[in-house]
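A.B. asks: Chains A and B supply the protein sequences, listed in that same order.
If you're matching positions, the first sequence starts at 1 in our numbering and goes up one per residue.
If you're matching positions, the second sequence starts at 1 in our numbering and goes up one per residue.
There may be inaccurate statements among the hints.
[Stated by the list, open to error] Quick list of the computed label-pair ranges, beta carbon to beta carbon:
#1 B:Glu289 - A:Asp109: 14 to 22 Å
#2 A:Val151 - B:Ser269: 48 to 56 Å
#3 A:Asp109 - B:Thr297: 57 to 65 Å
#4 B:Pro116 - A:Asn78: 39 to 47 Å
No wet-lab data here; the hints were simulated from the structure.
We put the beta carbon where it would ideally sit given N, CA and C, even for glycine.
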Amino acid sequence: MTPRIVLGFCLLLSICVVALLLRLMVGRIPLESGAWQVVLSWPEDPIRPLRLGAAGSALAAGWCLGLAGLLLQVLLRNPLASPWVLGLSSGAGLGVMIALAAAVMVGVDAPTGGGLVVPAGCGALGALAITWWLGREGGVLEPLRLLLVGVIVASLAGALSMALQDIVPHGLRADFIDWMMGRIPEAPSGGLLLTCFVLAAVVTVVATLLADWIDLSCLGSDEARSSGLNLASLRTGLFLAAGALTAAAVALVGPIGFVGLLSPHLARLLVGPTHRVLVPATCLAGMAMLLGAEAVRQFIDLGGGRLHVGVLTALLGGPFFLWLLCTNRGTLR
Amino acid sequence: MRPTTPPDRASAWFPGPTGLRSALLVLVAVAVSAGGGCGQSEQAVAPAPDSGVPRIVSLSPALTQAMIDLGLAHALVGCTPFAPEAANSVPVVGDLLNPDLERILAVDPDLLLVQPTARGVDPALRTLAREQDWDLVDWRIDRLEDVRNILREVPSILGRHGADEQRLQSAVEEWLAQSEAVLTPCPVIRSAGRILVLYGVDPPAGFGTGTYVDDILVRLGGRNALQRPGYPELSLEDLLTLSPDTILVLGDPDRGALLQTRFEPSPASPEVLTVEADALLIPGTRLLEGVRTLRATFGCPPTDIAENGS
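The shape of chain B in the complex, shown without the other chains:
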């Protein structure tokens, strides 16, 4: 599993253990009715025009989560299939790679939030936005600072579309203050030596330099053992030659246990820790929750704001 699409998104889309039958029903429903997403009709949930609430389409799970966390879930009129649970009733209008222009047209947004892929924003989407006079905002989210900058821009952008800019400004400032608190350097992490953070174990794949997780690690006083850019795939042999002091596995504890079996127990073996923090797999507002879990895993001393989650 690569970062940016945590498992909980998908399971949220398929609630409960109804399994294959539900999925087939969903497939059939999608196939026969061109409209609707997450099992809902867009007509049923889209806020009425001119209601004073901006009509937002988000083509990024991270940005969708940010809107929800800023109290704007009711303003969402379109999202991707793997949006957070709170957006279950919001119509699906495609995803980052394949925006469904017809559906976006149907929900008629004021504001389109896009996290561009490597090839940029879909030109057809850009053209449509220009023709329909929609405000298209595209943000790359690679680094921790990207998340912070986006949040700083959000109040004024949404304010242009009728949202309460003052309230949003307060919410953003609170988030930024919390982020400063939870990112306070932690002596335990500093003394943990070189830390390798993995988002996959079979094959191993890690967060290198220039990623938001590397930024978080550095802010907490840690040292990233993987000093190469991006999200490279590694071999088991690479893990041994990198010889990190600590390996941090994001996700299910079984994954950490699987990796642990690869190392002979010896004083030189790295400590393998598992952090059940899907929030760290998405570079968005929920990162704070992920960092809190990370701090707790290492046993960092609490920070007033950080640990009470206010």
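In isolation and in its complexed conformation, chain A is listed as follows:
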């Protein structure tokens, strides 16, 4: 390991630890005036489990999204690839809209919050299956075809969601928009949280073990094949792993953008392009980004409650991405 890599890991780890401590310590108390005052203190029961739940959810989702982003950038050989290019976010959104509309039609209370986990997961997996089915050419996943199919699936799912919005009341539309902005649950489903962690851990280990093959696949199809790499199997593995990670993350926290796009670039900037170190570094970067955003948003309340985490990741991630682009840091080629 070169000093640069060691330094990069230390930096990412430090950001994670600071973000974790900040998320666990920052809270707010209501004042007589109706305003809230932000306070830093170590939480006691019954607040502690809520903050641990939020921190755990952010860590798990950040891990999943960062890793999924990296795998997709490798698979599509496109630095703009992120978990949303395969239409998973829109598919999850469609799943949620179908659940809301169905509840309205049969006259039962519409699901909210945790009740949206299953429809979101089903929608994401449904979009994944369609993209997978149509993204193959001669039985092999083709990056360009996959990208195009993903874009079309996303557009179709988005359009269907919009159509369904017309048959639900305004209040439920607001709930849907709220869900689309992402939310880190304070009391997540234990099973879902565990699924995210286990899935992310398994994919991280496997991807690190296969890092040399992944490096080879980045050279191009002909070079990879001439080196004896089974490109079809690798692409299938990358696609399924990225899809499952994204579906799990969306089910847990909703569609949160920019984490999957930026984490691999941040990690590349710090530890370089070799996947043996890039895979774990990206996981740390994803965790640091989402946990950091979740901590920072505790300080920002524009009147309607704390800023949504998905809004903050976009507000911070967009300029950061432009900075990478404009300063030509070598990660966007």
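Following the hints, put chain B in place on chain A, whose structure we already have.
C.D. replies: Same frame as chain A, but now just chain B:
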């Protein structure tokens, strides 16, 4: 679910458990025929012109309910998709955000009732109303007093369009008298301490100051635990730090039960009450029904007019 659009509106639009098939049929019907709403043709239900009855289009579920409660359901010639059940046969002519100008033109109202959104009344609607010589009345409904003021104005406005102003005046006065009765301070609510009223539990979202529910709570002698304006979204941690004495959840009992599981049972835990009062989610004439349910939930002593619902 945010306030102003209770679930019963939607279920009323999709009667029965026919589910997806019915919805798809409705979608297809709407797509292929530019006219009709709630499965009906406007030609079939719109009262004939010059029949002495005002032709009212209401682009607000709350105002539609008010017209129905004032005995003017037959005067409605257009409403929103999520109108009360009694307006099921009234053509849909768009909603608050997207009024369908062509359909409104087709039903040719005398009077347009609008509850403006944050961006105000659609300028195209205003222009059309001016060109067609329709009376466009826009009312904001944020506070309890807004509801009362609107009702006070209704008889004279509708009287201009041929409605029986005297009868409406009597109906409004009766409603106002009932509202005074049901809003009598209740000692049980006063002693319930700081009360947090939630319209959502996952995520929690509550009625803050400057809302009609806050007004109702104050009139009943209660203290709103959420001393910030509007309808803010909260976190579970916020609920704990606000430490209300009572949490009132509007809607299904399951929602209250879900919230109850978040609190460790201890003497300091707030009491979580669920009020099955969708009427409280719409700032309109049905608020009285909601307040009655609220009083009953707290076990307030009956008020003569309030409890018999006359």
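A.B. asks: If a hint holds in the structure, say so; if it doesn't, say that too.
C.D. replies: A quick look at each hint next to the structure:
no. : hint                            : result
1   : B:Glu289 - A:Asp109: 14 to 22 Å : holds, 19 Å
2   : A:Val151 - B:Ser269: 48 to 56 Å : holds, 50 Å
3   : A:Asp109 - B:Thr297: 57 to 65 Å : violated, 18 Å
4   : B:Pro116 - A:Asn78: 39 to 47 Å  : holds, 46 Å
Hint 3 from the earlier list is the only one contradicted by this structure; the remaining hints agree with it.
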